[in-house]
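Please put together the full structure from these sequences, using the hints given.
Chains A and B supply the protein sequences, listed in that same order.
Residue 38 in this note's numbering is what sits at position 38 of the first sequence, and the numbering runs on without skipping anything.
Remember, this note's numbering sits 1000 above the position in the second sequence when you count from 1.
One thing to keep in mind: the hints can contain errors.
Stated by the list, open to error - Across the chosen pairs, the derived CB separations fall in these ranges:
| hint | chain 1 | residue 1 | chain 2 | residue 2 | range |
| --- | --- | --- | --- | --- | --- |
| 1 | B | Pro1383 | A | His195 | 34 to 42 Å |
| 2 | B | Glu1135 | A | Ala171 | 44 to 52 Å |
| 3 | B | Ala1387 | A | Val7 | 47 to 55 Å |
| 4 | B | Arg1204 | A | Pro21 | 22 to 30 Å |
| 5 | B | Arg1203 | A | Glu187 | 47 to 55 Å |
| 6 | B | Glu1132 | A | Ala193 | 36 to 44 Å |
| 7 | B | Gly1306 | A | Val85 | 27 to 35 Å |
| 8 | B | Arg1325 | A | Gly72 | 45 to 53 Å |
| 9 | B | Glu1142 | A | Gly72 | 46 to 54 Å |
| 10 | A | Arg121 | B | Glu1105 | 44 to 52 Å |
| 11 | B | Glu1105 | A | Ser90 | 51 to 59 Å |
| 12 | A | Arg121 | B | Asp1381 | 33 to 41 Å |
| 13 | B | Gly1202 | A | Ser90 | 27 to 35 Å |
Claimed, not checked - A few chain A positions that, by computed beta-carbon distances, are all more than 10 Å from chain B:
| hint | residue |
| --- | --- |
| 14 | Arg20 |
| 15 | Gly22 |
| 16 | Glu24 |
| 17 | Ile26 |
| 18 | Ala27 |
| 19 | Arg29 |
| 20 | Glu95 |
| 21 | Val165 |
| 22 | Asp192 |
| 23 | Asp198 |
| 24 | His204 |
| 25 | Gln208 |
| 26 | Ser211 |
Worth flagging that the hints you see were computed from the coordinates, not collected in a lab.
Note that the coordinates shown come from a computational prediction; the quantities given were computed from them, not determined experimentally.
Positions of the beta carbon are idealized from the N, C-alpha and C atoms, including for glycine.
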Amino acid sequence: MLESTLVLRVWRTARPGRDRPGFEEIAVRVDRNADTVLDAIERAWAEADPTLVFRHACHHASCGTCAVRVDGRERLPCVTPLAAVWNGRSKLTIEPLRNLPVVADVAVDPAAVLGRLAALRFPYVRTVELDVRKAACPAGDDDIGLAERFEDCLECLACVSACPVASGDPAYLGPAVLAAAQRIAEEPRHADAEHVLDLAGGEHGVWQCRSVWACSAVCPSGVDPAGRIMDLRRRLLTGRPAAPAPAAGAAS
Amino acid sequence: MRHGLLDSARRNGGPPTAIVIGSGSTGAATAHDLALRGVAVTVVERGEIASGTTGRNHGLLHSGGRYAVKDPESARECIAERDILARIVPEILELNGGLFVAVDEAGLAYGEPFRQACAVVGIPTRDLSGAEARELEPALSERVLGAVEVPDGVFDPLHLCLAFLATATSSGARVLAHVEVEELVVRGATVEGVVVRDRQTGRRVRLEADVVVNAARPWADRIAAMAGLDVPLVPTAGVMVAVIGRTVDRVINRLDRPSDGDIVVPQRQTLLIGTSSWVVDDPDRIAIPADDVELMFERGGELVPGVRGRDPRGVFAAARPLIGRPGDLSAGRDLSRTFECFDHAAAGVEGFVTISGGKTTTARAMAEKAADVACAKLAVDAPCRTASTPLRSYREYYVA
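This is how it looks when you write it as structure tokens:
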């Protein structure tokens, strides 16, 4: 039942009829107990304003494309229940991610970060954890081969938006790329791990991080970029990874 | 918005031009196919890439096993396309295989016709006892009596579309997102282009082309109606429930006739349980019945008991564009999952093609068929090369 009215305060870019960017209020009917923030944004588009530009595809936190800031915090609106962020009365502010160029309204251009991930040759798939352990014990029976799965990182760039260093230094590799570098060090697959470590230890790499841990706090997928940056520092200093941590992640 | 450049190209001796409506897997693959054959392609998409049916997909890369018994044509298409995608876009696939598991005597009895049907269409199978299946996938129910292994897999729907489009743009295609088709340009009995509204500027823009391919999928009937045409379409939704906790690596299917809640698909750190089937009036407004969500936990739990009682991470549904007539059937499950390309010349309208039916696993084959029909109209005789052309990385879609 769409029993409540939610006022979205949405960031809008300039366009004919709107001289400068700014917030615009769009009221939508919602079911506070069942709807997600993305449901509300989609309804604002379908029923109130077809000119609203936002990204969405999978609706279950797998594709990463819908990331925005909800009341100032980076979130995937597709898995953010309204009930978790809205008291039923106040307005809900929807803004584009920070530290990335805005394409229009709340959609940003991920090209700079995706270009860096591509340059690292960061693979989209990884070996599943159970099989990493199996591979470490060659006595095991593995005639079925090692199972693979998509990486935890959704490339949603919430971490880049939350990072205080990225906001001051556009050349900083940033949490998503450094987390990918750590994954390559951990499981090189086809990438050149040595080159990647050199890059991570370079001028715009892990030593720029100020250990604010905002990236790890907002990651919707449990990647823990800050923890991985610390692991890269350890590897660069000692040539060895940090002591193994228990498998982290939204999955645990 | 850049326009008018490609549109007048042919009159000046440039390449033939095509407009593809929709950037789901079908539209994206069709743009790629046409661009490889030297056609100057413009994709128009009313929202974002894959923001319709394809994005809200379970991501099950079908071996064809699901359709082998009742719909062998679809099954043949699936196994052929599964193997092609494994060659051209391995980057975004989890190729861990799948199990069809029997959890009751009826399922066991279904095993024999299932294996025979798979053999007929060329899907390789391996028989497993219940214990062998649980050794491969310890999270399976104790009630699993036996299983058949098939080469199912998992794909990432958004990134599949982006990979097709990245490759298409590298061949010269252009993609216009956030433009909605409001009219078909019809002169005499020929479709000569589209009028789109740019959602960012509010402006209406006329785009002309030698052929228009309608890959709007569950919205295809609305587009065809703009030329007074009718396409047989039954938009059929199905619910998917994502739960955190990836406890299986293979796709788990119930060994039986397709029914509600009979697939469990691993994806990243989650399992997706699906699906159900109901006909919707409006693909833009799909209300998910709470009972269907409950049913997914109940039925999915019979295969992988650990999913029961978990909080859903995401609940989603989109309309599949099945071929048929509303009212033919009460539900869409019995409609074939195969695809069809409608050359509207048969109804007296030239320059306009609709591709309908099918599924994301077979998007490349659907695109091949649509591009064959379009190229015949354009007098382009270049053969389809998509089955052997590796796709570019999805990241290149953004990093042009």
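**Request:** Verify that the Cβ of A:Gln208 lies farther than 10 Å from every Cβ atom of chain B, and report whether the claim holds or is violated.
**Result:** 23 Å, holds
**Item:** No chain B beta carbon within 10 Å of A:Glu24's
**Value:** The claim stands: A:Glu24 keeps its Cβ more than 10 Å from every Cβ of chain B (closest is about 14 Å).
**Message:** A range of 51 to 59 Å was offered for this pair. Does it hold for the Cβ distance of B:Glu1105 and A:Ser90?
**Reply:** At 57 Å between Cβs, range holds.
**Request:** May I ask you to check that A:Arg29 keeps its beta-carbon over 10 Å from the closest beta-carbon of chain B?
**Result:** 12 Å, holds
**Non-interface label on A:Asp198, tested against every C-beta of chain B at 10 Å** = 21 Å, holds
**Item:** Outcome of range test on Cβ distance (B:Glu1142, A:Gly72; 46 to 54 Å)
**Value:** The hinted range 46 to 54 Å holds for B:Glu1142 and A:Gly72, with Cβ atoms some 48 Å apart.
**Prompt:** Does the Cβ distance between B:Glu1132 and A:Ala193 fall inside 36 to 44 Å?
**Reply:** 37 Å Cβ-Cβ, so the 36 to 44 Å window holds.
**Item:** Consistency of the no-contact label for A:Ile26, given chain B and a CB cut of 10 Å
**Value:** 15 Å, holds
**Asked** Is the nearest Cβ of chain B still more than 10 Å from the Cβ of A:Arg20?
**Response** Correct as stated: the minimum Cβ-Cβ distance to chain B is 15 Å, above 10 Å.
**Message:** At 10 Å, judged by beta carbons, does A:Val165 keep clear of chain B as stated?
**Reply:** Per Cβ check, A:Val165 is outside 10 Å of chain B; nearest 22 Å; holds.
**Message:** I want to verify a distance hint. Is the separation of the beta carbons of A:Arg121 and B:Glu1105 within 44 to 52 Å?
**Reply:** 51 Å, holds
**Request:** May I ask you to test the hint 27 to 35 Å on the CB atoms belonging to B:Gly1202 and A:Ser90?
**Result:** Given a distance of about 30 Å, which is inside 27 to 35 Å, the answer is holds.
Violation of the numbered hints given earlier is absent; every hint is satisfied by the structure.
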